[in-house]
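**Student:** Here's the letter readout for the chains.
Number of protein chains: 4
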Amino acid sequence: MGTMFSAGEYVVLLDEKDRKYLVRLEARKFSTDLGVLDLGELIGKEPGAVVKTHLGREFIALRPSRADVLEKIRRAPQIMLPKDAAQIVAMTGVGPGSRVADCGTGSGALAIFLGSLVRPNGHVFSYENREEFASIARKNVEMAGLSDVITIRIRDVLTEGIDEGDLDLVTIDMGGPELVVPKVKEALKIGGYVAVFSPCIEPVQRVCEVMRSEGFREISTVECLVREIEVRPGATRPSTRMIAHTGYITVGRRVR
Amino acid sequence: MGTMFSAGEYVVLLDEKDRKYLVRLEARKFSTDLGVLDLGELIGKEPGAVVKTHLGREFIALRPSRADVLEKIRRAPQIMLPKDAAQIVAMTGVGPGSRVADCGTGSGALAIFLGSLVRPNGHVFSYENREEFASIARKNVEMAGLSDVITIRIRDVLTEGIDEGDLDLVTIDMGGPELVVPKVKEALKIGGYVAVFSPCIEPVQRVCEVMRSEGFREISTVECLVREIEVRPGATRPSTRMIAHTGYITVGRRVR
Amino acid sequence: MGTMFSAGEYVVLLDEKDRKYLVRLEARKFSTDLGVLDLGELIGKEPGAVVKTHLGREFIALRPSRADVLEKIRRAPQIMLPKDAAQIVAMTGVGPGSRVADCGTGSGALAIFLGSLVRPNGHVFSYENREEFASIARKNVEMAGLSDVITIRIRDVLTEGIDEGDLDLVTIDMGGPELVVPKVKEALKIGGYVAVFSPCIEPVQRVCEVMRSEGFREISTVECLVREIEVRPGATRPSTRMIAHTGYITVGRRVR
Amino acid sequence: MGTMFSAGEYVVLLDEKDRKYLVRLEARKFSTDLGVLDLGELIGKEPGAVVKTHLGREFIALRPSRADVLEKIRRAPQIMLPKDAAQIVAMTGVGPGSRVADCGTGSGALAIFLGSLVRPNGHVFSYENREEFASIARKNVEMAGLSDVITIRIRDVLTEGIDEGDLDLVTIDMGGPELVVPKVKEALKIGGYVAVFSPCIEPVQRVCEVMRSEGFREISTVECLVREIEVRPGATRPSTRMIAHTGYITVGRRVR
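Protein chains in written order, with the numbering used here: chain R, 12 to 267; chain S, 12 to 267; chain P, 12 to 267; chain L, 12 to 267.
In case anyone wonders, no lab produced these hints; they're calculated from the structure.
Incorrect hints may have been included.
For identical chains, the list gives no copy identity; a pair is met inside one copy or between any two copies.
Said to hold, decoys possible - Straight line, CA to CA, 30 Å or less: simulated BS3-like cross-link-like pairs of lysine-lysine: (1) K40 with K196; (2) K94 with K196; (3) K194 with K40; (4) K196 with K28; (5) K194 with K31.
Turn these sequences into a full structure, and let the hints steer you where they fit.
**Tutor:** Below, the structure is given as structure tokens:
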């Protein structure tokens, strides 16, 4: 891939206040509250190119990073935040080449996060039993440019299980995770991890019990809090409000 | 690579209480407080194999995950924790194929974390001006099996800068980060990120000011806290003690 | 004071959803979104009495606790929260009989918190240089029934200092706290405390430096975070959002 | 009480590094790692007096604050910390004149905290069924100078309940708190509070259910985290380690 922007690709537009738009490049107008700009102008330009609205306000065009994509994808409620997806990466061994099953696609945020890290030889198989979510997720995966790395299957994992085997990681972000754990255990490599995300503590308790009785090891539960700091000259402080809780992450490892 | 353990590779040994050893497989004895075991027995076995000490205590052998390696590498004081490395991944776009410069190798924990994610086509160039740290880091990188992905250079970035260009990410975990930022800016791709790790707030303040004056955008500072939850039947609670602060992560993005 | 409600006193009205009103008892109508109720009905009743709106919805009348008053007083922006006032109490020795100067009354929340604890023989002298705040604070103090324990003085402590001596505690919640500390030092008893509240870290740094050079001892700075837990059957979790930062509390002690 | 130190009273001795001793004044030697000092020298001196060891090191003598006493009392494991006691004060209306029952005295830290705030006309009735704890608590109460405000009763509240009525607050810090709540409800004033401290989440769940079924209102559960900040010139940061969890505080209010 060359460095010039091509028609059809997604770009990030950054306004003067660091507000961000993720748009597909086409010969069309794009309206913002700072005026209208002509997306076609960017085709053939390089990242960092500036485009002006009819009011003269400047936008900078960049090739989207994973952070951009995850910030701007279409969201179902309760999308998994990058902080939690990253913590799953930290606690397991997932990376380039890993084979992952993702139970409970939702809007695909976790699948995209992991998919962007298992490229080019790994794969994420993502299961979702609600068609409307699967549909949103597919669009998001396409926008992230990860359609070849992520396969979304419409299926109820609770009743039907998963197809794959020899997996490095299985993630579970859906109701009844304690029922899913036994169903996916055999699909894991020896030494592979299962990671469960649960907003409430009761399913965590049930999941830990099931993991223990299924012989998982190195079971641990954490909560990840990310606090924003406002750094201004003479007025540095943590932000007044924060997202104080998204969910608990419980990881276990198959050893036999 | 086959699935059987070979002489010379590193394996993880897990005892009955989930305590972990990272050892090189050779025909030799290995002493633990549960007795002595014969490592040679594991050669030719598969992950999940059990080896017994002369006291009959069992250890399970696994192929090490990145999480294992980072838990067990030789440490200089103040190693960067996986939670913080993962947060840098979350806030930027680093992944397979990324080119990264890592200023301040230390014992190599961040280089290893990132190196394991940029494989096979990316690279981490890691700079350290203290020979003894570089030496520890090299051994850790070798233990992590990432010698082909991570290059450690002994150099003072503050005075000599870095060699590479067209980078996706530059990380800075060393004194005087505000002096490093201008030196590495030109080495970044347009759209690339710089990420600074600082235990104290004063360098964060200086770094943010420099980033602003150098035209970096989307500057943000966060702190990542990971809280362990002890999940026991009828007695679930956050751990009494936690690592309450490691450092602040400040990210900025080059846009022109 | 008898236990029956009298005309003129403040009562708390609690609706079916635990929403709370703090009202003065008089023979008048009081409108809520659950209908209109007749406050006069409560005169002569006892705490726990139920009064119905014209729509038949029930409100329970209680004698206000300090927690009620602080929740419902008229607020200027950035009122000090009970969690922080309580932490000041925890870190110092303030209690019944204490003599306190409170620099920066604001809407009087801290003065009320402390005033309610130094009764009946202690006193809070509260200084505010903005007339409009002093006026709000006076009404709040009256509503809290603490007019005999709290004296509000309109004065700029920065330029004019304070009148009292032999104080157990001086609190500072205003701009330029590092300039106030030396001005109030002599007003403290030997063994007495100064407590500074600052949203940003820079004044904390200056205050600590001044405290050190003025010979204060046992200097310490803390931040107090209170996290709400939503306890519902099968769905227990910390609240999604929280007030992540109000301010830092720095305490020092005069020893000579 | 005059301001001069008298024989028999407790004083705080502060060494050069702010380490603290709480000692009874008598004509005797007191050994520290900075040398031996003669306590008798302090009798008749005023707070702030300096006493030197035989090695010439200086200690400052102060009249103890509540913070001092709570820091230095004899401790059973799992003493309630001032941050949590203060949060109970913040969430309820306890103060001078309040009548409190304290179920589960332990080493008396909560009783002392509350006793120091309900003086001179209030009272704390503290219940403990383990003689050895009651004995430690009595000594601590005496050291705090609160023997006239705090009554310790040796009794199992679970089976025998409490004697008092018309209480402003009942605190519960013992096993089986959900069984204690119904037993103490009638002892509360209308508008009074019950506050339960539990390290684990399961008793919190049971307590909330019981509070709801017993008709308590304004039920809420919080966790209070206090973070220390190390403020040093150019090197300001939160402490590396903190007490991350002591317990949950659940408060409810009797309304009828």
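**Student:** Looking back at the hints listed earlier, which ones does the structure fail to meet?
**Tutor:** Hints 1 and 3 contradicted; others consistent.
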